[in-house]
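J.: One line per chain: the protein sequences are H, F and U, in this order. The working numbering puts the first sequence at residues 5 to 422. The working numbering puts the second sequence at residues 5 to 90. The working numbering puts the third sequence at residues 239 to 1184.
It should be emphasised that the hints constitute simulated quantities derived from the structure, not laboratory data. Bear in mind the structure is a predicted one, so any value in this text is a computation, not a measurement. Here a beta-carbon is modelled for each residue, glycine too, at the ideal position from N, C-alpha and C.
Here are the simulated distance ranges between beta carbons:
# : chain 1 : residue 1 : chain 2 : residue 2 : range
1 : F       : A38       : U       : L1024     : 47 to 57 angstroms
2 : H       : D158      : U       : R254      : 57 to 67 angstroms
3 : U       : S936      : F       : A38       : 16 to 26 angstroms
4 : U       : P1159     : H       : H61       : 35 to 45 angstroms
5 : U       : S717      : H       : H61       : 44 to 54 angstroms
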Amino acid sequence: MTTREKFSAWGLLRHGLSRSPWERMWDHHDLAPSYDVVIVGGGVHGLATAYYLARNHSITNVAVVEKSYIGSGGSGRNTAIVRSNYLTPEGSRFYDRSVELYEGLADDLNFNVMFEQRGHMTLAHSDSSLRTMRWRAEVNKLEGIDSSVISPEDVKQLAPFLDITDHPRYPILGALWHPPGGIIRHDAVVWGYARAAAALGVHIHQETEVTGIDIAGGKVTGVQTSRGAIATGTVVNCTAGWASLIAAMADVTLPITTRPLQAAVTEPVKQFLHPVIVSGSLHTYVSQTSRGELVFGASVDPFASYSTRGSLEFATGLATHVLELMPGLANMRLLRQWAGLCDMTPDFGPVIGPTTTPGFYVDVGWGTYGFKAGPVAGESVADMIANGRPGELIAPFGLDRFEAGTLTAEKGAAAVGH
Amino acid sequence: MLVIVCPHCGPRNSDEFTYQGERKPRPEVSTTDAAEWRRYLYMKANQGGWATERWFHGSGCRRFLMLERHMSTNEIRSVSQVGETK
Amino acid sequence: MSGFRTPPQAGEVIDRSRTVDFEWDRQSYRGYEGDTIASALTAQGEMVFSRSFKYHRPRGVLTATYHDPNLMVQVGDDPNVRAGHRRIEPGMVVEPQNVWPTLDFDVKASNRLVGRFLSPGFYYKTFMSPRPLWPAYQKVLARFAAGGRVGPERRTERYDHRHAHPDVLVVGGGPAGMAAAIAAAESGASVILVEEEPYLGGHLRYGTAADREVCDELISRVRSIADLEVMTDSVVAGRYDHNWVAVVQRDVSGVSERLVKARVKTLVVAVGTLERPYVFKGNDLPGVMLSTAVRRLITLYGTSPGERAVVLTANPSGDAAVADLERVGVAIEAVLDARSGVTVLEAGGTGAVTSVLDSRGNRHDADLLVTATGWTSPTLLLNMAGDRPRYEPTSARFIPTDLPDDVLATGGIVGDGSVDELVAHGTATGTEAGRRALTLKATWQRLAPAGRSMDPPPQDPLDVPSLSHDPHPEMFRSSTHGFVDYSEDVSSKDLIAAAKEGYDSLELAKRYTTAGMGPVQGKVEAVNALAVHGEATGASLLETATTTWRPPYAPVRLGTLAGRRYEPVRHSPMQPWHETHGAKPLAAGQWIRPEHYGDPAEEVRAVRKGVGIIDVSPIGKIDLRGGDVPKLLEFVYVNKWSKLSIGKVRYGVMCGEDGVILDDGVTGRLAENHYMMSTTSGGAGTVWNWLDEWLQTSFPNWDVRVTAVTDGYASINVAGPRSRELVGRLTDIDLSPDAFPYMEVRTGTVADVADCFVWRIGFTGELSYEVHIPAGHGLEVWGALLDVGADLGVRPFGVEAQRILRLEKGHLIVGQDTDGLSQGFGMGVDWAIKLDKADFAGKPELVWQGEHGQYPHLVAIQTSEPELVPPEACQIIDPDGTIRGRITSSRLSPTLGRSICLGQVDADLDRPSQLLTIKLPNGTTTPARVMEHHAHFDPEGGRARG
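The shape of chain H in the complex, shown without the other chains (with noise of 0.2 angstroms):
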């Protein structure tokens, strides 16, 4: 175990001044013989649930597998959106300790993840949709969310760019208001969560792919990955996209469809919009980055795929309704556009929890909302690990709900809500 400088303005200061360098972030390992946990995986969840299981539990013998780098995933594709507004008491109590977390996690890892709480808002397009935020509102407040519905004035007056006349098809009738959501740095968390869950033990391996599960007695006894061979005895899928391909390895099935999700960013231009403007019926999410870009996002594309190639339709999609909500845009230049992958579950909650298969856990599922769940779901897990049972806060989320048909009830007003 390693001790790690702090970071602050005098650190700065004092790096300025000598030219020194600062020390790493991460080191490089060779694989152990074996690790008491392997968490597959470099994203925010893999190595939150291995920050977690050392900090809160001292399982510090824990290794994290990562195929590419670190964050190369979901954790760095996402449009970087924090909220707790969800429609179920369930969805908004797990989000909300997110959020907790998320407030506090610059100081927590000692990184500036720099969260901006700058306000989120879904516009409501038609009186169906209008019910729905409050229906959620009323939800939220009952688990102690700041969450309300809010008038088209209001709705102008927090983004005066919004044009809220003369919209035949999608008139602005009114917003779901959730001042607590905003936007945080991505990378910032996995590199954040990766440096503590580093100086606490956790062996971190890029660029190394897991390509086999050893099960001997209907158990998990080892890893097998491009680098070689790892006994363990607990394996944690952490990998979004490619969750039911782990999962297969240790004779897995999930109810897991893999969906390309598009996003895409803009020239900067100088400050306009403050807070995260959220339209379902056009299936949009804006935001505008302190870089001045705007950062995009749709729905997932239409189509199963493991291609992070993109499409020329969910660009010419996204400028139609981001036009339609903010028309003075139209010459803003479209810069860059990707693609993740995200793992959908049928009724839009996540798969977290024991399997079929001792020893192999999921937490898998997240769909398009698992950049925010990140922190709770990792200590959650980690909880999970530590005591052999999933608890509170998942219990709701396991794999075993849909051979029970008990669905997670976020399904009941299914809609792109970022």
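Given the coordinates of chain H, work out where chains F and U should sit on it, guided by the hints.
T.: Positioned in the frame of chain H, the structure of chains F and U alone reads:
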């Protein structure tokens, strides 16, 4: 936008079609149990490589089609009507 | 002032007979037609065009192209315009961006002084405490946002889209591209040739006299071929799966820009190469330029960018720059030939280059430093085609490795050669592209049964020879440090520091330092970043790495991507009447419907007391014919259908295979083998597909023909105690209660319109007739009903009144009173579910649902305070706040003079008179009770049956 060469309509843009994905045979209703039925409803192989899947040509001939598509490249190597052997 | 206009140049693209006056930084300037903003300003001696993002360093011309990281300006209200590409226009107002208060004196330039403290990612290491100050820090960081400005007003520019289906599309109008386009066209293919600049020719344009001769010859051949469409000042933004190619066409009349969506059979990538900058101390000073920038400025625009030049050359382009500079009288202070090992250590000067220090220790006075140190391959289209371009050390650049059959590459991105060799390679590539395209075309035509068979072209595949690779020194960074990414102010030092901190894969280092994240995406600098990072990590990254570019190739306006504003809506045939009679529009899915005509409560009263008519055309209507229709109905509905006799109508509920309610509606039997099914408005498409799906995938031998006829009929519900009287005045159908009882259907003539069908049903709970008229006659029948019913007090009613009327009757709306988890039981339709049927969609789930019994119940609810209408979605709670249900529908009932609701509650609360607590949005609660019947009004249903 993919091109799907519909056996009835010829090459068409994929936005004329609705994706239905992998499909399992419907269990026999009189004998099924919850485990089998819900595997039919919810569980997916979600495999990489070549996969067989169902699409619906809703804006064309309205036929249900079976495609073989590569899940990483999106290349399509066969299209046939549901129920017709290739 | 160091720039000036040269004497006329042989290849210039400016028209010196036409001057153009424009404004830059609040002062007037004059250029020539054909000038870019950058060339016109350079000709007037301007050197500084922008301030950099982080340190606000002055920046000047680097590449003089669209991709120049230093030439982003604001033109009028258009932000981030590329001054190296945009042509000047009379009256154009051009301003610098990212300066405060002025371009010359920029306060934030003081950031340079603290640069050593602004190490890469410095913000991740600070601003954390004290936490309450974080919002204030955010505001400071936001001030750094680069770029221009936009406004909220709807823009007036117009944009357009076009679909194209060329056999071959060639990207790049240089010698290889033009030759490929010609050859492909001559092989019989239809061809589009796309060139980023406003003119064809590529590097031949600013080459030798012989080059220009070849150029002119190729251009005249291109122009002479009819089936070869040329798009200049147009850029291929991306190549998507299955050769779906996006072209942004900038030089079209009538619109600002047009997006061409081309489905291409063979794509030919002839994009050439981009010149890459060199990393050394002071490499971002104004006056440091690439050789191609200087050659363009001189030869195309007759503009000399300096007076005393030092040229660092590693290739013929640098040599050509020396010749060009000499030709226009620029003093050559030194030619540093990198092929002999000499290089540049430093460009000296503050604000602009004043001297150059070479690696032999000589310092040269100069105001211009020209570098020619190598080429960057723009690999976007290769990447998008699945290729992993590899580094070729001989020529020190990336080349294609493995392209799919539908993509070919030619010209500079493939290799080097004389102009003749490039043309020959382009010709062979174009011929092969044409052959492949025509082969695919023939295959498609054969596959389509309606198509005509066409023999594939006879030629065998042509083996396109490869181009050679001219030796080129591997030059990325000198022994000094300089900027790698200009837009983001990322230096080679920053990249190395990042690697040492642990960001030791290139992707991590780029994300951490933001190299490659700026407005030009680090495209020209990509290879330098790779090389510098390789230095830091000790890995020879170049040999194992690939280069991945993400679309679009050049940024594309949102307006161009969106095209015309076009969000289609659906209107009923009666829309003209609604519009002229004060209907308030309501968006309901794609439909725009009348919500009301002024006073929904009055509309309700009219229906309860007299008669009203409502336009219900959006109701889904599906015509079913064949001997096996009853089997289909038995399967898709939860209730029984086998004994429905002719003339009868029945209500039915459909569930998905998960048992969740999918839709509801009535279906009537019009004749022996002819049924008409109705669906909810929103469910019309879903149900239509659902029927076809079962018929094709499970019951292919059933005799059923399904036709969606929603748009074929205008539908009017005539409701109220006097509806019989009203409809009776217009129809030949016998409406007497015995001849046409409740829940039956008749066909006949209404208002002299034949082939109508009428069903007697009662969503509103009143005596009512739903009249379905061939759509073209909807408006006249609507008018006739109002005319002949004037004495009966008939009035139109809208969706709002209908919602109140149905709520008074407790009729559920699928998707409002039910949700995505509502299975069949509990929603008030238990009576319809017939588990004794052998099979129907969703049956197993309903069997199990009935067994476990734990599901929400839909109940009618009334508040204790009759005036209080709890908004829909209010939660029903226990005293401890536990959620026990919610209000799904609520209105003030004009009929009962009190508030009425439907709601879902936990099963144990479904007892008449059960007390409930409703939490209101304002935080207070209000008591309510469960009613005995779903219907708040006329629970016996006598009014509808009357």
